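Colleague: Here are the chains, one letter per residue:
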Amino acid sequence: MRTIDVINRAGRSLKQAKVRTLLTSLAIAVGSFTLTLALAAGEGSRQYADKIISSNIDPQALMIVKDKSLFGEGGSMSGGLREYSANSSEYNGLTFKALSASDVKRIEEDKDIKKVTPTFLVSARFVTFEQKENKKYTTDITAFDTSVRPEVIAGSLPANGKQINDDEVVVPESFLDTLEIKDKQKFVGSGVILHLERPSKELSKEQVQEIMITKGIPGLEEASKPISMDVKLRVRAVSKKSVTSLSASNALFISENTARDLSDFMTKGTSQYQSYISVMALVKPGVDPATVKHRLEKHGMIVKTAKDLQGLLFTIVNLIQGIVIGFGVLALIASVFGIINTQYISVLERTQQIGLMKALGMRGRDVARLFRYEAAWIGFLGGVIGALLAWGVGTLLNPWITETIGLGEGNYILVFQFIPAVVLIISLMIVGIIAGYYPARKAAKLDPIEALRTE
Amino acid sequence: MIEVKNISKVYGKKSNKFQALTDVSFSIPKGASVAIVGKSGSGKSTLMHVMSGLDRPDSGLIIIDKQNILELKNKAVDLFRAQEIGFIFQSFFVQANESVADNVSLPLEIAQVDRAKREQKINTALKSVDLFDKIKNKAKDLSGGQKQRLAIARAIVNEPGIVFADEPTGNLDSATGDKIEDLLFELNKKNKVTLIIVTHDSDLAKKCDMRIHIRDGRVTKIDKTGDGK
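One line per chain: the protein sequences are G and Y, in this order.
In this text, residue positions in the first sequence follow my numbering: the first is 1, and each later residue adds one.
In this text, residue positions in the second sequence follow my numbering: the first is 1, and each later residue adds one.
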């Protein structure tokens with residue numbers, strides 16, 4: 001029998017048992033629905049993560065650190081017993097192995113590196129704004145990243161790749177709410193003062209005695225007082241709240257030079273002076289960042305390319321997607337038994353028809369094919385119903401999800417693609433065929449004489 | 001020409017052994033109408049199954065057009081049935097939920113007749129049983145007589161050389177049964193189809209050219225109507 005005829009007959013048999021066909025395929029549709037959503041969510045998250053990374057990290061950038069734990073590898077970020085290193089840096093109460101000045105120099109000397117920017121850790125004791133003079137604020141402060149250009153709602157930013165001036169600061173939009181500032185145009189150009197305080201050096205017994213002898217009590221007070229510095233800056237621009245830009249939303253941006261000066265001031269006289277937790281290096285255009293990465297890794301540095309960072313984010317996305325897919329597969333396994341049951345009963349019900357077909361010279365193989373294709377049709381139907389349902393529900397829910405978790409306009413967490421859907425439906429047809437194997441074999445082995453025995 | 005030589009068939013094993021056919025031999029000329037007559041359990045159905053290649057005897061030969069079909073492999077026997085044999089059953093075995101056309105199409109699909117040729121063959125077969133106006137109807141909407149006519153159309157659609165009819169009028173009232181009988185003999189004469197009817201109805205048997213009487217698995221008598229065949 002020709003395949004097309006078998007497919008047609010299989011389709012007709014299913015049409016004759018509409019309710020049963022529909023119910024059986026609904027079981028598969030549940031699996032198909034879950035899997036389609038899982039695939040869509042995975043794709044959406046990946047696209048979203050991609051967007052975040054590409055709007056925050058230059059593809060030619062390398063993140064270089066000395067401490068594995070910064071990338072979540074080789075131990076947790078906090079606690080635990082770790083080897084002591086004289087060249088370590090402290091941040092938020094955690095101790096990390098840091099890159100020394102000579103490490104930075106080594107990176108700078110690499111022939112394929114265009115630019116090196118250490119991550120300066122600047123922490124101001126407090127910040128005051130000219131337009132809110134009697135209040136003090138605290139905030140994170142970071143160096144302005146020339147490779148990322150946030151949108152501005154007031155003021156202006158220098159051309160791409162250019163730094164802001166050393167006495168300028170870029171303020172994120174979200175700060176205006178806290179500051180209760182309505183007129184953002186007037187805010188641009190107003191002053192911001194960063195108040196930095198360096199703890200005094202711990203004095204040894206001998207030093208205390210010496211100061212007592214030479215300068216007396218006032219001298220001692222002077223020596224143990226924290227050293228402070230005020231830096232006056234002027235607002236250059238207000239950056240727009242961006243969901244895909246991680247840094248733009250929650251820190252003050254100062255120029256790289258200012259950041260270096262402030263960082264040096266904060267760490268002067270300590271072991272952390274001119275040592276950095278991480279360094280951002282830009283690889284020359286046209287050079288594969290991975291080759292530079294390998295070279296630097298030979299010197300004991302831990303290097304991540306933009307792609308690696310993407311991989312880290314994708315690992316999480318893939319894990320979550322894997323869990324959801326697992327549930328979908330469970331639903332499918334349940335539906336497999338549904339198909340086996342339906343098809344088995346169908347074989348029993350159609351004993352006579354099978355007998356007739358065999359009497360008329362139909363090969364057992366073709367009878368088996370007929371039942372397998374019926375199962376494949378059920379898989380196809382279930383797959384299409386589930387996928388369409390998922391697509392419909394997803395499309396309806398997308399705007400709501402975006403709004404609820406604040407993804408920002410134009411970003412959708414459920415992204416439906418055609419090819420994976422087709423692959424899914426084909427796989428479900430194969431699942432159907434596998435489920436139909438046993439009933440089909442039963443049909444093929446039926447004895448036509450027994451089947452046609454007149455009651 | 002169908003030659004049946006020394007066919008024996010045993011069902012079951014040892015204590016349950018049942019001798020269905022014992023040393024059955026006869027020959028049927030091409031284009032004849034033959035009745036295999038016997039009571040139920042006489043072995044007439046088994047004989048039909050064996051002659052059509054549905055069942056295999058334990059010993060003997062069945063030579064149809066000089067070919068011993070018992071020598072053929074299963075696949076070849078299936079092909080032989082699809083191309084050379086039509087079946088008509090007591091309880092019709094039409095597919096109730098399928099259309100009349102789809103019912104008749106089944107043997108053509110099994111014999112892998114080209115799609116282009118099917119429609120014409122189906123139309124011819126349905127016209128010859130006077131069911132052409134019901135071509136789009138579902139088989140379940142037909143009356144008993146119409147169903148058997150549909151079954152006849154299905155049996156002859158692929159122009160087989162032999163048609164087996166197993167109690168073709170057993171489920172029909174006598175008026176309808178007579179019409180079916182007339183139709184069968186008409187097709188037998190017109191299309192030169194060898195018609196083999198399995199029946200216990202002696203009136204039907206009398207209308208045939210030849211009668212093979214079976215009792216307890218043995219041929220007891222073969223008689224022919226003397227009309228020159």
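FYI, nobody ran anything at the bench for these hints, they're computed from the structure.
Only a predicted model underlies this, so the values are computations on that prediction, with no experimental measurement involved.
A couple of the hints might just be wrong.
Unchecked claim - Interface residues of chain Y toward chain G, partial, derived using beta-carbon atoms under 8 Å: (1) L54; (2) E71; (3) K75; (4) R81; (5) E98; (6) Q112.
Said to hold, decoys possible - Counterexamples of contact, computed for chain G against chain Y with all Cβ distances above 12 Å: (7) V104; (8) L179; (9) G322.
All residues carry an ideal CB built from backbone N, CA and C; glycine is no exception.
Colleague: Confirm or reject each hint.
Modeller: Evaluated hints:
1. L54: This hint holds: L54 of chain Y lies near chain G, its Cβ roughly 6 Å from the closest one there, short of 8 Å.
2. E71: Because about 17 Å separates E71 of chain Y from the closest Cβ in chain G, which is outside the 8 Å limit, the hint is violated.
3. K75: It holds, given that the least Cβ distance between K75 of chain Y and chain G is near 7 Å, below 8 Å.
4. R81: holds, 4 Å
5. E98: holds, 7 Å
6. Q112: holds, 6 Å
7. V104: holds, 78 Å
8. L179: Consistent with the label, L179 of chain G stays out of reach of chain Y, its closest Cβ about 77 Å off (over 12 Å).
9. G322: holds, 44 Å
Checked against the numbered hints given earlier, this structure breaks only hint 2.
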